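A.B. asks: The lines below spell out each chain.
4 protein chains.
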Amino acid sequence: MLQASETLEVDKSDKTIQTDMSVFEQLESEVRSYCRSFPTIFTKAKGYKLWDTQGNEFIDFFAGAGALNYGHNDPHIKQKLLDYIADDGIVHSLDMATSAKERFLERFHEVILKPRGLDYKVMFPGPTGTNTVESALKLARKITGRETVISFTNAFHGMTLGSLSITGNSFKRHGAGVPLNHSVSMPFDNYFDDELDSVTLLERYLEDKGSGLDLPAAIILETVQGEGGINVARFEWLKRIEEVCRRFDILLIIDDVQVGCGRTGPFFSFEPAGIEPDIVCLSKSIGAYGLPLALTLIKPQYDKWAPGEHNGTFRGHNLAFIAATEALRYWETDEFAKETQRKGEKVHQFLKQLVEKYPQLRGEVRGRGLMQGLAVEVEGLADQICKAAFKRGLIMETSGPDSEVVKVMPPLIIDDEGLEKGLSILEKSIQEAIKNL
Amino acid sequence: MLQASETLEVDKSDKTIQTDMSVFEQLESEVRSYCRSFPTIFTKAKGYKLWDTQGNEFIDFFAGAGALNYGHNDPHIKQKLLDYIADDGIVHSLDMATSAKERFLERFHEVILKPRGLDYKVMFPGPTGTNTVESALKLARKITGRETVISFTNAFHGMTLGSLSITGNSFKRHGAGVPLNHSVSMPFDNYFDDELDSVTLLERYLEDKGSGLDLPAAIILETVQGEGGINVARFEWLKRIEEVCRRFDILLIIDDVQVGCGRTGPFFSFEPAGIEPDIVCLSKSIGAYGLPLALTLIKPQYDKWAPGEHNGTFRGHNLAFIAATEALRYWETDEFAKETQRKGEKVHQFLKQLVEKYPQLRGEVRGRGLMQGLAVEVEGLADQICKAAFKRGLIMETSGPDSEVVKVMPPLIIDDEGLEKGLSILEKSIQEAIKNL
Amino acid sequence: MLQASETLEVDKSDKTIQTDMSVFEQLESEVRSYCRSFPTIFTKAKGYKLWDTQGNEFIDFFAGAGALNYGHNDPHIKQKLLDYIADDGIVHSLDMATSAKERFLERFHEVILKPRGLDYKVMFPGPTGTNTVESALKLARKITGRETVISFTNAFHGMTLGSLSITGNSFKRHGAGVPLNHSVSMPFDNYFDDELDSVTLLERYLEDKGSGLDLPAAIILETVQGEGGINVARFEWLKRIEEVCRRFDILLIIDDVQVGCGRTGPFFSFEPAGIEPDIVCLSKSIGAYGLPLALTLIKPQYDKWAPGEHNGTFRGHNLAFIAATEALRYWETDEFAKETQRKGEKVHQFLKQLVEKYPQLRGEVRGRGLMQGLAVEVEGLADQICKAAFKRGLIMETSGPDSEVVKVMPPLIIDDEGLEKGLSILEKSIQEAIKNL
Amino acid sequence: MLQASETLEVDKSDKTIQTDMSVFEQLESEVRSYCRSFPTIFTKAKGYKLWDTQGNEFIDFFAGAGALNYGHNDPHIKQKLLDYIADDGIVHSLDMATSAKERFLERFHEVILKPRGLDYKVMFPGPTGTNTVESALKLARKITGRETVISFTNAFHGMTLGSLSITGNSFKRHGAGVPLNHSVSMPFDNYFDDELDSVTLLERYLEDKGSGLDLPAAIILETVQGEGGINVARFEWLKRIEEVCRRFDILLIIDDVQVGCGRTGPFFSFEPAGIEPDIVCLSKSIGAYGLPLALTLIKPQYDKWAPGEHNGTFRGHNLAFIAATEALRYWETDEFAKETQRKGEKVHQFLKQLVEKYPQLRGEVRGRGLMQGLAVEVEGLADQICKAAFKRGLIMETSGPDSEVVKVMPPLIIDDEGLEKGLSILEKSIQEAIKNL
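Residue numbers (our numbering), protein chains in the order written: chain A, 1 to 437; chain B, 1 to 437; chain C, 1 to 437; chain D, 1 to 437.
Isolated chain A, as found in the complex (with noise of 0.2 Å):
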């Protein structure tokens, strides 16, 4: 198994990397990031691998976020894209029938949902993962009858206003300009180490009529919160959560965006945990080749939606149906999801040998299958690391309210040599960023 530091080279380039920006500075809004962290123009790319315009390579451990856990540009899915632009098969039907959409249907529930015993319905909201998260909480309410939806600390699920309301970042909740209500923040798993277990403290708020908490229409939640800094739910907290909603009668939405299609190993990231939400939210990687697609998975008993309650333009979004129904076939077996865990262990035990090497970063290791986190406790010195990784050629983010973890988070499909690589840039990048502490 793979060394921290020992077995790999080291990477000498240090690119600098100079590129002129101008056009994004002078006509693209100051909302832009992500060109910020990454000042470089791309122009290419294929499986984990990226080339900006000066022919620089670079390794992807951010997978658009979690939108590429096939890779950039798949040669299969490619094949089938261009085959169906060629053919002039329809590009837009807004949610009118289409035999691509057909086929994917028919897939879907072929390789995903029936091997795993589930029955859900499909639904398709706007193309983007706060559409889904939107669409899931209109239908509780609606269901219920209820406003209130319970979601946890550091919750992360999408910018528009429903979305928004159930999300922790205090930056991103700012951004809204008007109170963000009908929600209810309650404490993720081990938000206080050991101190509180919070599942009982939600049942004492549910039990109690005094509490000041309305019973509410849904709890919503990420098994691994991403944005969040990585924070892993224990499966026997998330069997909890949902004995509570059963108990209560509240629908339990599980918001599988992020870390969903594989990215903990299983399809579904709450697989290994035995429960099955009512809702499900899916978008990021379903569209398989960085492709617009939401999903929402329902409980048939639940699917009350009367017709175009819930509408939106790019439903119907065809090269998506076709790059996701192509992906699929990595499902066929169990290979895939043995693959990611097998990785995702690899990474795992190397950030953990990185801890311990470097006890300046007062560091923590967190994360399952290919969703690991390092969570550095020195002000500013996950940036720093990343900038640092970027200068050599590895795309990394950070993660958590204090920009405080950085994510490990390579396209799923990324080979040994390519992780190897990534990680042994990530241990350069350490080394430099605390040489300044």
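Some hints could be false.
To be verified - Covered stretches of chain C (in silico footprint by chain D; criterion: 3 or more residues with CB under 8 Å from a CB of chain D, positions within the stretch not fixed): (1) 39-53; (2) 68-80; (3) 88-97; (4) 304-310.
Keep in mind the hints are simulated off the structure, nothing from the lab. Just so it is clear, the structure is predicted and the values come from calculations on it, not from any experiment. All C-beta atoms in this analysis are idealised placements derived from N, C-alpha and C, irrespective of residue type, glycine included.
Following the hints, put chains B, C and D in place on chain A, whose structure we already have.
C.D. replies: Chains B, C and D in isolation, oriented as in the chain A frame:
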């Protein structure tokens, strides 16, 4: 000029379409809607035509609800997409800089903004109409420190919580499951025919410290309300609304999602009114090929976003940038706008003749450019007409609070032959529908 | 009949009142207001007169903002209070049954409700105007299961959060510190003079499924808006509002807190309009002697409260019951109402003459019964008039969104001599105030 | 010291009270509540005793829910009231200056604030508890520019919309008919017994930028929760809450409406904790004789009201000023506070003996000063005890989310004889109630 029914051959086909829709019925959510109005499975499309799996051909008077102004699968755009994909151009990039995005920004500035003397920073929110509206609302509230937004009767701005709160339709609003607040719905132009001057009413509310209207952050409007029933605001009214905004220091947001990108002739629907909105929302046809994309245009002095204060995974949809850039070619001269106006006028006159010829319709013609509507006062009749049209191979939908308006909204690139053929089918469909009155 | 200024002697006094207000300045909050307009320390009062610590006498054209319709310290009520207290009658009893409350309920039924053919259950909320309004809103929302309440421009209903949300005044609204929601402010009668028929606008909003107006739980209004500037709704308008309520199954709430208890002549202000509100809010003069009391009258079919669903500590203020019961004597015949109307008409004519005589006022007379107002279009002039009046021994206040209306609102029991004396001072004050124009 | 049941004679009376309550049943709203628990008609009261129309005598262990700390109809206050009324002292004066108010302000400063080293400006909101709370919330939001207010589980702050939003009880909250927002309910002290340190949890939420808790304007609390079940906050907990407020620049509001004015011994309930709230809410016993009055005490630096920004008709209830001023005599020495503590301790010990003696109660004793509670874990038993007590001539009520706590809350002026008699009846009532278990 085309006379209603006289110069056109009657389409006798009246195809009976019987398609097996069971996959959709079994696997897709009840929320699906257009596939109920157009119960067949589409598979190919080109220009203003679609074909289903049984080889039936349809004329498109719907244009993806305004997302296909350039028609289906425009050959030039298609070629650019094929080349880009074949060449492994980067597809997904969040909001990182890419050469495809750079080119789009430059061209959009050069072809659209500069010649019109407009100075806007370009923001890429999530790639749907509701996402650009949500971003506009957030920004307006941030800049002004106020919460209230004024929208208008029969406005439609989207289905996520912020956009829904400024949408008029009660069925859609009810879907929210929570009260919709921070918004005030004022009467749109001509809401009362000539009885009420709605700008004067608005001014009275704003002047009167006791009116109960809190000073708003913004006024948002569509210059032609599509979903609301093809309600056309007069240029003079728009000009006066802009004056009210200036006088009371309120931001003016134009939602050009459906009616922009040339639908009424000029690129922006507000150009002939001589107004300069502070924020403009674009989506639908900006992606050119039916590809999800949205833009929020912001006057530089209001581009007060902090980096990342609004974000989303699919902001950087490079295929859409490629398509959008290529589509800008249509705007290098005035020709396209003029043609749209000519064809729009042709439709308008045709519809007027229909209204005269078929008084049973109790009809009224509304519209601007190629966004034309035939309001039919007989309950349920508009739906009957569209149903009959579909059987004859014409795709049309209704709008308005009671689905009382038949929308004529073909791709802008439709030729006269297609237009006439479609209008002829429309007349036949009317004849059939009124038979049952 | 009294002619403005001609038959009245001029009050030459122009006392200079200089009182040591330091205790209030040092110990009381900056929120105090009337003590700034009337900067002296009052100590005794009787009928329509007050005296300060320096022995100055004042005529009261303010009547405790409508709380002293029966004047200060009515001798019959006084005696009843003295007897009750001396006899150790129970004073505080929450909502327990007491003989004082029993007697009040019986007499209120007998003297007020029964002869008017009204059938209301009596609820005692907390003893202030805003508490009765809050209870009415809660009940209307409970009964209908809807949230929205329609109020009108320039309405004033109270200062707690629910009442404030249906109040028009922006200064007062702003004080809430949170956005005020679940309410829509429609134009009051004559808001646009004759240009806009506000009932028709309201109906249009309610009929139109796309208007953006959610079906309301209730419409709440004052038949004459006191704080809003003595705006008088026509009986025909009230009748039509009632019809709208019936047609759309909306509850009609009349806030008679200021304008009830005979202020306009009849006990309830809405009697001459021939309407029957579903809920009526009473406070101010119902306590008769300036004692805190409030009533919420509820049609029996809407009395759907669960026991204790709304409560409060001072619901059972027995001194107020004693006073209120005694005051009902005024209502045993029609005499009191007629006298009020006669005096009201006298004031009205006098004000009209003033308007003609002093065109510099750019004045308009508004009012019904003994709630009369002189709207003065010159900025700040109304305040100047009241200030000058105070120096001459007359207590009057302004109302309206810009404090532009001088209110003439004496105790109903004022005699002609007092009335004439007060009006004469008013004219002198006007003469003084317009000198400085 | 008194031993449970041993030294007390048994009251054998067990009167059967059968009163004609038909007037209330026919004419008063269903919302009435206490008259159902105590189904008789009261007519006189003195000290700690009440009498009904049939001459039955009752001992008062309820004290007007805390409004009668000085007992019913205190003879000294009574004389002052009789003199003032007889002398035609001004009764109603809105917020004008009066000599009665001046005297109260001076004496309150002299007797209460100054000796305690407290520096507060006095505001007079509407004369009920909920009005003072609403004014406190408004002010805190105005000063900080923030919306959120933190309250605690099982808090009770009032029944108008603002106060209700920070009240825990779900039955009462539900009555609002609209979602209650801008508030967060955190766990009160000992909410989890020793498992959860609620201040640490609160701090974690405030420190964590991702917690989903928006920085609040204020924290509001009762030091002993009356309606919530006699939950006593430890002084140490209160001290830490104050520290959290200081650290995060949050205003601390103490709602001393029920528990102030000596109920726990000292005038303010928070004195022994050594904290200095920024705003204090007072009502109930401040009016001394059961007369409606409320005060909002504000640190001078936070007295940022504009004149009239909060108002109300009955702010200047001069009878209440007369009564309140006279009652301040009780506070000229320490005697009153000490006596209350002595009697409170007596009750506390007695209740503890009851708990031991009657294990069937599964009882727990809670309380501070003369606010004592016997929590009874057997469902419905607390109500049975109070019912039995009433039949024996003792007025007591329950509190807590499940009405599980028997409250012992006599007037503070009760003598030992009355206290012992009441406690003896309580024991008898327990004996009767548990017979049926």
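A.B. asks: So, for every hint listed, does it hold in this structure?
C.D. replies: Do the hints match the structure? See the list:
1. 39-53: holds (count 10)
2. 68-80: holds (count 4)
3. 88-97: Answer holds; 10 residues pass the 8 Å Cβ test.
4. 304-310: holds (count 7)
Going down the numbered hints, you'll see the structure goes against none, and every one checks out.
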